[in-house]
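Sequence order for the protein chains is A and B. With this note's numbering, letter number 241 in the first sequence gets 388, and the count goes up by one each step, no holes. With this note's numbering, letter number 16 in the second sequence gets 163, and the count goes up by one each step, no holes.
Hints listed in this document are in silico derivations from the structure and should not be mistaken for laboratory results. Being a predicted model, the structure only gives us computed values, none of them experimental. Treat the hints with care, as some may be off.
Copies of the same chain are indistinguishable here, so a pair counts whether it falls within one copy or spans any two.
Calculated lysine-lysine pairs in the DSS-like style (CA-CA distance at most 25 Å, straight line) [as the list claims (entries may be wrong)]: (1) Lys270 to Lys353; (2) Lys195 to Lys242; (3) Lys158 to Lys247; (4) Lys378 to Lys354; (5) Lys471 to Lys176; (6) Lys467 to Lys303; (7) Lys325 to Lys413; (8) Lys247 to Lys226; (9) Lys242 to Lys353; (10) Lys471 to Lys158; (11) Lys195 to Lys341; (12) Lys182 to Lys413; (13) Lys325 to Lys378; (14) Lys324 to Lys354; (15) Lys195 to Lys324; (16) Lys274 to Lys314; (17) Lys329 to Lys314; (18) Lys247 to Lys471; (19) Lys242 to Lys324; (20) Lys419 to Lys471; (21) Lys411 to Lys195; (22) Lys426 to Lys467; (23) Lys247 to Lys195; (24) Lys182 to Lys364; (25) Lys176 to Lys226; (26) Lys226 to Lys436; (27) Lys182 to Lys195; (28) Lys411 to Lys274.
2 protein chains.
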Amino acid sequence: MTLILDSTEIKNCVKFNEDLIPIIEDAFKSLSLGKTVMPPILRVDIEKYHGESDVKAAYIEGLDSFAVKVASGFFNNSKLGLPSSNGLMILLDSKTGVIKSVLLDKGYLTDVRTAIAGAIASKYLSKPTSSSVAIIGAGIQAELQLESLTLVRDIKNVNVWARDKSKAHAYIDNVSKKYNFKFNVHDNTEDLVKEVDILITTTPSKKPLIEYSSLPKGIHITAMGSDAEQKNELDPNIIQKCDVYVPDNQNQTMILGELNHALKKKLIPNDKIYNDLGKIIINPELGRKNNDDITVADLTGTGVQDTAIARYAYEIALNKKLGKNVD
Amino acid sequence: MTLILDSTEIKNCVKFNEDLIPIIEDAFKSLSLGKTVMPPILRVDIEKYHGESDVKAAYIEGLDSFAVKVASGFFNNSKLGLPSSNGLMILLDSKTGVIKSVLLDKGYLTDVRTAIAGAIASKYLSKPTSSSVAIIGAGIQAELQLESLTLVRDIKNVNVWARDKSKAHAYIDNVSKKYNFKFNVHDNTEDLVKEVDILITTTPSKKPLIEYSSLPKGIHITAMGSDAEQKNELDPNIIQKCDVYVPDNQNQTMILGELNHALKKKLIPNDKIYNDLGKIIINPELGRKNNDDITVADLTGTGVQDTAIARYAYEIALNKKLGKNVD
Chain A
148 MTLILDSTEI
158 KNCVKFNEDL
168 IPIIEDAFKS
178 LSLGKTVMPP
188 ILRVDIEKYH
198 GESDVKAAYI
208 EGLDSFAVKV
218 ASGFFNNSKL
228 GLPSSNGLMI
238 LLDSKTGVIK
248 SVLLDKGYLT
258 DVRTAIAGAI
268 ASKYLSKPTS
278 SSVAIIGAGI
288 QAELQLESLT
298 LVRDIKNVNV
308 WARDKSKAHA
318 YIDNVSKKYN
328 FKFNVHDNTE
338 DLVKEVDILI
348 TTTPSKKPLI
358 EYSSLPKGIH
368 ITAMGSDAEQ
378 KNELDPNIIQ
388 KCDVYVPDNQ
398 NQTMILGELN
408 HALKKKLIPN
418 DKIYNDLGKI
428 IINPELGRKN
438 NDDITVADLT
448 GTGVQDTAIA
458 RYAYEIALNK
468 KLGKNVD
Chain B
148 MTLILDSTEI
158 KNCVKFNEDL
168 IPIIEDAFKS
178 LSLGKTVMPP
188 ILRVDIEKYH
198 GESDVKAAYI
208 EGLDSFAVKV
218 ASGFFNNSKL
228 GLPSSNGLMI
238 LLDSKTGVIK
248 SVLLDKGYLT
258 DVRTAIAGAI
268 ASKYLSKPTS
278 SSVAIIGAGI
288 QAELQLESLT
298 LVRDIKNVNV
308 WARDKSKAHA
318 YIDNVSKKYN
328 FKFNVHDNTE
338 DLVKEVDILI
348 TTTPSKKPLI
358 EYSSLPKGIH
368 ITAMGSDAEQ
378 KNELDPNIIQ
388 KCDVYVPDNQ
398 NQTMILGELN
408 HALKKKLIPN
418 DKIYNDLGKI
428 IINPELGRKN
438 NDDITVADLT
448 GTGVQDTAIA
458 RYAYEIALNK
468 KLGKNVD
């Protein structure tokens, strides 16, 4: 029997809260310790429709189930009145391959685990006193990354930049209903980051949106937009010159993340190995050394996060007796 | 809305019949013509439990949907009274990424499209007068490949060899209920193939089970067991010395198929390009030239076959108004 969970049931099971942080941290720790089987991402690109479907999967040693996740982005969908993101997760029994559950989350669990990874990056890498954040982009992750950041830092000021300024204003109209922060829209990314503690980049940009010269001392950057070869949000000099660079998984960021572009420009030797996020979680002293350090987390999204959150959603659904069993 | 189809409904929609042949042929033709996006297979190996899950996917130009398929083999399952195979297919809208259907087929559609590919290989490569077949292995594909072969050749004699002789007898007990062929169990694969027109190998063997010196003139071999790096059913000399070698997809057979082992032994230059099955279907003259030719089809299983059969099953299910819609 396979438990089919619909998107409403899944949202009912997985709320945005700090319980998710240790769950995703454990996934990164296992990944860093090599206690996982995480093959390269499978991607189907459908250029004609400006669409892509990614499949990620990871088995974490000792766990009785693992996830295979399909996540799609089809960027003409807004013209059709549809969300660009879509997807589902499949939970398989680690011992038998039996399909325990299909989670028809439409990408919700991916959105949540991505935002939680951002919170974890800021928790370990930003200054503990951080209270101001700059956000590049005005989409769903711009919203969820902020929401997630409030779980780990006491945020007071939020600066926003988006290519389409009206979207930045719409974003603030929306988010300000929930949070009593001081919001500012900026005309350029140089002003955007001038006095902030944290920068979060959330776009699918193919050209750098922020220069190294714009960065104030002590800033932490979470770059989570780039998850494909051609995507690039940060000036590659930032990767070379920052004090601490942390990939979620270096095998992936070398190909899909910001690191990819720094390697292509030969700013960094090909064989340089960085401490990944899991290693920083295990030993936080490997992260920020002092208040002036510039730190960067390069997040491409990993299968272990999917396995962790799919298992979490499934357990809650079982307890709540949600879903339909199908043979 | 996503249409959920259970395994009973899917079996009700997709019966073993000759309608499936042109559907799978079209998939191979598109693949051969480069009218597809078919990324490398994603595989999760769980050595501890002797299990593996493969994900295949392919978009075929011009089609309004494409499949992502998860297929698992967990080889300790028989001890638990479970089938070793498992899986599902997901059908996505090519324009939007919306998930149109989840087909909980437990591997049935993979079994069928694999067997149909075998029939297609024999249709184009074996002697038209072929009436005797040797089968190595006694599992589900040993049965389905025979069933499928009867769609394209008038079979009268069936020779069987399996590592466990009792399984070969059990196989014959089972299959002879359906077919009035002359069946023989053999003690070794040399005798097995002595006077046959077609050989089908269906095992997950890691060592060659048949030597080149054993092959009679004019035999066609469909090798469909090897679909992973370490699997190997044919003496690599067969690949080098046969008259016509046909991969389902050379990118895959170079890594996962019989060709892999011939390349590793340096029996064949790395840059040699073969006509694939799609090319043979488009132009059958590229296949067998005369009755004495030895031909080999190396089938690793391709994502385009999955897309073709998932679309077929879905269309029939819609017409029959089967399945449950889930949001």
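Hints, one by one, checked against the model:
no.: 1; hint: Lys270 to Lys353; verdict: neither (28 Å within a copy, 48 Å between copies)
no.: 2; hint: Lys195 to Lys242; verdict: between (40 Å within a copy, 8 Å between copies)
no.: 3; hint: Lys158 to Lys247; verdict: both (19 Å within a copy, 20 Å between copies)
no.: 4; hint: Lys378 to Lys354; verdict: within (7 Å within a copy, 44 Å between copies)
no.: 5; hint: Lys471 to Lys176; verdict: neither (33 Å within a copy, 39 Å between copies)
no.: 6; hint: Lys467 to Lys303; verdict: neither (36 Å within a copy, 58 Å between copies)
no.: 7; hint: Lys325 to Lys413; verdict: neither (44 Å within a copy, 66 Å between copies)
no.: 8; hint: Lys247 to Lys226; verdict: between (36 Å within a copy, 19 Å between copies)
no.: 9; hint: Lys242 to Lys353; verdict: between (41 Å within a copy, 22 Å between copies)
no.: 10; hint: Lys471 to Lys158; verdict: both (16 Å within a copy, 21 Å between copies)
no.: 11; hint: Lys195 to Lys341; verdict: neither (40 Å within a copy, 52 Å between copies)
no.: 12; hint: Lys182 to Lys413; verdict: neither (31 Å within a copy, 35 Å between copies)
no.: 13; hint: Lys325 to Lys378; verdict: neither (31 Å within a copy, 57 Å between copies)
no.: 14; hint: Lys324 to Lys354; verdict: neither (32 Å within a copy, 66 Å between copies)
no.: 15; hint: Lys195 to Lys324; verdict: neither (38 Å within a copy, 51 Å between copies)
no.: 16; hint: Lys274 to Lys314; verdict: neither (29 Å within a copy, 67 Å between copies)
no.: 17; hint: Lys329 to Lys314; verdict: within (17 Å within a copy, 74 Å between copies)
no.: 18; hint: Lys247 to Lys471; verdict: both (12 Å within a copy, 18 Å between copies)
no.: 19; hint: Lys242 to Lys324; verdict: neither (47 Å within a copy, 35 Å between copies)
no.: 20; hint: Lys419 to Lys471; verdict: neither (49 Å within a copy, 52 Å between copies)
no.: 21; hint: Lys411 to Lys195; verdict: neither (27 Å within a copy, 38 Å between copies)
no.: 22; hint: Lys426 to Lys467; verdict: neither (35 Å within a copy, 54 Å between copies)
no.: 23; hint: Lys247 to Lys195; verdict: between (35 Å within a copy, 19 Å between copies)
no.: 24; hint: Lys182 to Lys364; verdict: neither (36 Å within a copy, 51 Å between copies)
no.: 25; hint: Lys176 to Lys226; verdict: neither (41 Å within a copy, 33 Å between copies)
no.: 26; hint: Lys226 to Lys436; verdict: neither (47 Å within a copy, 54 Å between copies)
no.: 27; hint: Lys182 to Lys195; verdict: between (39 Å within a copy, 12 Å between copies)
no.: 28; hint: Lys411 to Lys274; verdict: neither (30 Å within a copy, 53 Å between copies)
This entry does not satisfy hints 1, 5, 6, 7, 11, 12, 13, 14, 15, 16, 19, 20, 21, 22, 24, 25, 26 and 28, going by the numbered hints stated previously.
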